[in-house]
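Protein chains: 6
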Amino acid sequence: MPHIFITDLKPGDKINQFFLIKRKERRRTRTGKDYLDISLADRTGTMAAKVWSEALDQFDPLFAEGQFAGIAGRVESYQDELQLNIERIKGIQHWSSEQLDLTGFNPDHLIPATGLDIPSLWEDLLTWVKEEIHHPALQALTLSLLKNNEEGWKQWPASKIYHHAYKGGLLEHTFRVVQLAREVVKLYPELNQDLVLAGAVLHDIGKLKELEGYLSEHNTYEGQLLGHLAQGWEMIRKAAQEISWDDSRILTQLEHIILAHHGQLEFGSPVLPQTREALMVHMLDDLEGKIKMMTDHIEQDRGEEAFTDWHKVLKRKMLKE
Amino acid sequence: MPHIFITDLKPGDKINQFFLIKRKERRRTRTGKDYLDISLADRTGTMAAKVWSEALDQFDPLFAEGQFAGIAGRVESYQDELQLNIERIKGIQHWSSEQLDLTGFNPDHLIPATGLDIPSLWEDLLTWVKEEIHHPALQALTLSLLKNNEEGWKQWPASKIYHHAYKGGLLEHTFRVVQLAREVVKLYPELNQDLVLAGAVLHDIGKLKELEGYLSEHNTYEGQLLGHLAQGWEMIRKAAQEISWDDSRILTQLEHIILAHHGQLEFGSPVLPQTREALMVHMLDDLEGKIKMMTDHIEQDRGEEAFTDWHKVLKRKMLKE
Amino acid sequence: MPHIFITDLKPGDKINQFFLIKRKERRRTRTGKDYLDISLADRTGTMAAKVWSEALDQFDPLFAEGQFAGIAGRVESYQDELQLNIERIKGIQHWSSEQLDLTGFNPDHLIPATGLDIPSLWEDLLTWVKEEIHHPALQALTLSLLKNNEEGWKQWPASKIYHHAYKGGLLEHTFRVVQLAREVVKLYPELNQDLVLAGAVLHDIGKLKELEGYLSEHNTYEGQLLGHLAQGWEMIRKAAQEISWDDSRILTQLEHIILAHHGQLEFGSPVLPQTREALMVHMLDDLEGKIKMMTDHIEQDRGEEAFTDWHKVLKRKMLKE
Amino acid sequence: MPHIFITDLKPGDKINQFFLIKRKERRRTRTGKDYLDISLADRTGTMAAKVWSEALDQFDPLFAEGQFAGIAGRVESYQDELQLNIERIKGIQHWSSEQLDLTGFNPDHLIPATGLDIPSLWEDLLTWVKEEIHHPALQALTLSLLKNNEEGWKQWPASKIYHHAYKGGLLEHTFRVVQLAREVVKLYPELNQDLVLAGAVLHDIGKLKELEGYLSEHNTYEGQLLGHLAQGWEMIRKAAQEISWDDSRILTQLEHIILAHHGQLEFGSPVLPQTREALMVHMLDDLEGKIKMMTDHIEQDRGEEAFTDWHKVLKRKMLKE
Amino acid sequence: MPHIFITDLKPGDKINQFFLIKRKERRRTRTGKDYLDISLADRTGTMAAKVWSEALDQFDPLFAEGQFAGIAGRVESYQDELQLNIERIKGIQHWSSEQLDLTGFNPDHLIPATGLDIPSLWEDLLTWVKEEIHHPALQALTLSLLKNNEEGWKQWPASKIYHHAYKGGLLEHTFRVVQLAREVVKLYPELNQDLVLAGAVLHDIGKLKELEGYLSEHNTYEGQLLGHLAQGWEMIRKAAQEISWDDSRILTQLEHIILAHHGQLEFGSPVLPQTREALMVHMLDDLEGKIKMMTDHIEQDRGEEAFTDWHKVLKRKMLKE
Amino acid sequence: MPHIFITDLKPGDKINQFFLIKRKERRRTRTGKDYLDISLADRTGTMAAKVWSEALDQFDPLFAEGQFAGIAGRVESYQDELQLNIERIKGIQHWSSEQLDLTGFNPDHLIPATGLDIPSLWEDLLTWVKEEIHHPALQALTLSLLKNNEEGWKQWPASKIYHHAYKGGLLEHTFRVVQLAREVVKLYPELNQDLVLAGAVLHDIGKLKELEGYLSEHNTYEGQLLGHLAQGWEMIRKAAQEISWDDSRILTQLEHIILAHHGQLEFGSPVLPQTREALMVHMLDDLEGKIKMMTDHIEQDRGEEAFTDWHKVLKRKMLKE
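Residue numbers (my numbering), protein chains in the order written: chain A, 1 to 321; chain B, 1 to 321; chain C, 1 to 321; chain D, 1 to 321; chain E, 1 to 321; chain F, 1 to 321.
These are computed hints drawn from the structure, not numbers from a lab. Honestly, I wouldn't trust all of these hints.
Where chains are identical, the list cannot tell them apart; a pair therefore holds if satisfied intra-copy or between any two copies.
Said to hold, decoys possible - With a Cα cut of at most 25 Å, we get these calculated BS3-like pairs of lysine-lysine:
#1 K292 x K50
#2 K160 x K290
#3 K130 x K14
#4 K312 x K147
#5 K50 x K317
#6 K130 x K50
#7 K209 x K315
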């Protein structure tokens, strides 16, 4: 039986197939009833799901957040959205390989991911760092941070919800900001091009510690309490120590770019950009993220009007045509 | 069978009668199901309605936004509000006049409208402009703009949602602001009375281009992208050209009143009021709109408490007694 | 039949027992259907309830806000919360004492209340005022206000929703702020200790006039229109008159503490704290309220995650462990 | 020797004549030098003045704030403004009547005052209250408050700096707001006209307790710590007690108008306007004050440009022609 | 005698040479003394100057704002800045050519101007429009607006104070934004490149009507009351009419870019950017302006510290090295 | 010749004595004139001073920021403040010990410092940490950070300007916050007392890296670009590594306290307090700093009015009596 993608589900459909468990929270209603509040995903999107009381204690031990799980249930309509009422659920470890074959289990169908070619983006990024960051220590630092975090960077999302919230999203976003930085900095020869490029590459590196990864919608414990600006800054300082690069004003300026890249105190930067390089990285990051949010919102709107629905973050409608 | 007004409908009622289609949007749930999201109206209010999938393709071509349509369906309760589940729907053009007679179709029952006497308001407005705006070009300009937009002005709402959101609402609001201006400006002889009156008459003229009209809840394409302040300003400049009035500081001051009448940049005026006349028109417009919102909210509240529910725009409860 | 507490109710339960009616509002849906919107309480929490149309006219006269009422109905699930669909309801005055005995009516089970020992808190407060406020008129004023409002103060909640929203909450909150003030002011001998203590005791006295009491979720008519800052200030001025204390700068400074204790104009204080004593009382009140809100939110969260759900007032998640 | 008005003084002028002492503060520079920082006034404006160290101890006892004083000194230019360097100064009690005659002392020349006819404004106000406030208790209350405060009300300024900051300013401002209210409320018959009129008359009555009066630029001790909203509210409650009017919802609504008349919490109202009458009084007060500020700024600007200088409160330039 | 540039002047210098009169305002001190408040310029900067009373009436008629004038006076120190005390001043029309020769009058020395090559920027701009805007009407519109405003555009400043406030500044800023747009839009093929380019070229065209020009620091009468967003929008609509381009959604989108290019209502845009093209033009304009402000501030700082003085618009210090 | 303290200087005084050079900046006026802008200090306060052009090149090499220097000059009055016009200046290294003896040089007179007993505060702090932080690693970490930074901590100011801006100020402020924390936390046994105490001790440790020290008014290079929140956080992580304490949730919560202690994003915390311990430390730090600012402002006000001058940070006047 082929996988029915989330975008193709309809109220009343009965399904029996695998999904990715992106979030699993045991909750209790204010009035005392336990249930599991679940966020399912496949390549085409995410969907809310619930396990209600009778089935709860039996199925709770059989699957975990971040796993694939086989699910039987019924699609219902709830406040204009579909929701899955789960009847049976078991994590992939409880399935034999014969059963998996029978169900046509295919993990590629179940994970939302960038449409871009990850290895090619990665190669481009490495090449640019090697060829276009001329300051030896800056180049060495940037390369070592890339290489030591390669596995995560190729897979991490760029954020939990707002933009690039899928596998490979962090690399896609990083790549786009670096692309912008390469073009724009040429027009500003008075800026330190090496710093701008290194800052563009590294600005969001702390996300690798802040987010649980592409299989989850949660922050890590440390990420929730410290935030990716501080975490990214520390990664850079540690990496600089490891290559014995110390006491350099250029290094401090790079650290400043990381801490200042949200641009305003009220957006979580503990310091304002005080160099043109920091302002530049902030503004290109902002440009990339906002254009991406508009593009996603326009593409996902299914109405036939000229304008989309209201966008809750950007606080506006957008023109579609 | 007489029309049952929206305020008299109850859950479980089955109906078969005409409504006005104020908004019709084909939407898709996030999970792929098409439906029509409709806003129905009659004289007494508006009500949400839906056409779900089976009936969708059959009925979608048979009616349009801004039309009257005959509707059969069942009233249901949804989140403390009534909603109509539509089973059959056909635009008025698909009905023979015999059928219309049989159903007792009466368009006067179906359109929310001002309770005031439109022709009389219009006559008063014309009289005041002729008698109380003494500056010849200002008077001529104001008169020509009134006369060339008479049809729309007698019908347009003053806004989509906030206040005077019904047929004739723009004229009602304009009339009220002009009434205020006439009384108040007498107490400020140092102000240019002609400018205040002309500004009061014309301040919202751009609404005629921004809004689709009283049969719709949508902005026009241009209205959404340009806004009624810029649109109204342009109408005035064009009209001035047509009467060959140019290069006058009084004309620029009138234009300033239009652009500045929201009073603050964050409310959409690209310039702050820099003349007393502009400040006066802004403040009277604001007074009229807010008192109207309070009056409507107090009248529509159906609880028995001394205070109303929370008003989302004014962010407060109000005393009813 | 023993009372089933609100925290133990489940969807589908049929119940027939007593509750406290904390709020009772006759409302009409936008489309004209009357119903009673009710907030029920027992010691363990509150729950929404509705009386729909058929039963409405029969039962509406038989019970009132602030009363205990015997209720028969069915628990339903509505937007992830339980809601009681009331079938029969009668205020306690319509029950014979035999019936009450049969049902095991016990008012102690029905009223949310502080867990602290009210008489003991009260004694401590009186003792502290007598022993630690050395200024004779300040002490006399504070004592007379305590004694003349003893009954209410031992019962009133500290707010309708945010914190200490239960019987005895006002005394609990007052006691906690005074406890803080006693410890902190020792470290600031340059402040007027008498004023800080009296201000801490009296800062929220206006709540006795603003709120209906612990049996209701409503403000009084005067409370809604004047607010507890002004109301508390007037109580102090009247009490000062009664003990013929007038024209004193210390008295004015105490009045200032009451009016300024919200700390900022935008939080409803008509004047900013202009003395250290006023700033101190404001900040300790703020500290006590916010820590309490965090404690309540952490304790009430039933998920198994390390972090709570979003807190709507404090606008953040909180760490639970 | 005739009085030379402040507007006619020039740098280098030596003068020897009387002024009003509106503010007298003994200050010390951060580096320890004592001086008197004085604000002088005559009918045409105010001017800064200083008494420096040598003369200080001799002259300080000889004059007081709120007095007329004979002053000898030299006009100097300081930061584009004139400032008087005082060489000798003596309060009026130290002058014989012959000396006063010789100097041509004329108190009418020395006090900034409204240009309007105070007795006539007062009569109009009384008449309107008697004829147009029909509710007996409201009328009685308003009349008694007017009569019991007649002396102050005919003399007080409406504010220290912003608008109507001169003798009779409070009556002028009150009169103007009432004039507006009378005209505007006619157009809103659904409002309680009595309440609007009484609110308009009484809205700023607390200024009589907040401000020292027209001879000073200081707040009173109580005014600084409590503010005129609370003070005005108390005056009304006391007056109501005196006429034994109690427990009336209309009275509470009048009190609400006083407390809410700044319109927003951040402007010092402890409650938002929750009645249309309160909103109306707030908006007319705001309109009157702002138009007055614009008029004053335009009239006082001495440049030849089409636009004035920047207005620091309204944060804009204004068109003069 | 060679011109001594403003950056080389010292307190105590006596000078006798030509300057540009960028601002000339006849003002009166609050205390009645007339003077001329003047802003002088040469290529290296601007300096405040004053003509005091004796010389005033004689010299006021002899020179005007926007003119070159020969000036004799003495440089004085005023609040850490130099100021010129003018003793004699005559506009250039009062000088014979022999006199001009003698003084070595050279207008190139007196006008602050871009350091870039204006004709070359202009040619590039035209070329890009011709080669890279493929939509015929958009290209024609953009070209006609450039050509019909060529003279002004080559000379106008981009703003009065904030950035590019010198001759040719508007073209320099426009050129830079277009340069950015050309590079950045390549990376976003899903955007309408023609619209982005046309929007980048035309976004500030209204400055030609808002500002008096490079010889003055004033807004025009219309510019002050209407603002360059509305003015620029009208220029585009008129130009579209002239090439008979009407009723096009692309045209409306271009108009939207102009009105939305300040990005937020509180910065004076009457509508938010609702297309990606409008957001892009806004963000590149913002980037260009802010980097320019930082560059100017860093270059003009004369301290020896690592960080500059506080920047009043960007509200921060900046790193210089 | 005895040192004349800054608070005792008067305009016209000629002095010849030692001061501390807290700030020394070579600046150029906008019009090109070099000067030294200096901030002098002695125990009683700070005073602005200038070295103008002739003396500049001779004296600039002879003294440095953070040094004592012998200064001859004349006290002048500038904008109501005293300013020293320096005629001769030489750093202490250019004086022989005989000269120093002759001048009565005494460094204790020249450094603004806390009035509290530093060694005793330090002992108390150590004792409290040892006795009241029971968690072994937390205690060890806190002790090691105290001991390794003892020298700086006993000397550093707590801020450059706002409060405790003098030698020993950081210890005084830390001590006061810890004192508060010890008393307050007793009343909240549900909080982790160890965390609150450790957080109170360490919250401002980053100031040791952010500020140059008590002899300077400058931030360090790193402090300006990174800020003391990030810097303090890193100090804690490094110290934890050194005692091999890792991977502990308690440690992360301590780190969270440091990063969150400004309480709001807009005050520079990159994360909001998400634990009660973090909220507690934030609020006690805020309380201590604000009460201190009020106390200082009240004590330093030299006027004779009941209220102080306006406080620019707290934006209010304060009552003095």
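*Up to 25 Å between alpha-carbons, please classify K209 paired with K315: within, between, both or neither.*
Classified as between: cross-chain Cα gap 23 Å, same-chain 29 Å, threshold 25 Å.
*Quick one: K312 to K147, C-alpha cut-off 25 Å, is that within a copy, between copies, both, or neither?*
neither (37 Å within a copy, 41 Å between copies)
*At most 25 Å between C-alpha atoms: does K130 with K14 qualify within a copy, between copies, both, or neither?*
Answer is neither; intra-copy 53 Å and inter-copy 59 Å both fail.
_Treating 25 Å as the Cα threshold, decide for K160 and K290: within, between, both or neither._
within (15 Å within a copy, 28 Å between copies)
_Copy assignment of K292 with K50, given that the CA separation must stay at most 25 Å_ = So K292 and K50 fail the 25 Å test inside a copy (31 Å) and across (32 Å) alike.
_Intra/inter-copy verdict for K130 and K50 if alpha-carbon distance must be at most 25 Å_ = neither (49 Å within a copy, 51 Å between copies)
*Please work out whether the CA atoms of K50 and K317 approach to 25 Å or closer within one copy, between two copies, in both situations, or in neither?*
Answer is between: at 22 Å across copies they meet the 25 Å cutoff, but 32 Å inside does not.
In the structure shown, a violation is registered for the earlier hints numbered 1, 3, 4, 6, in ascending order.
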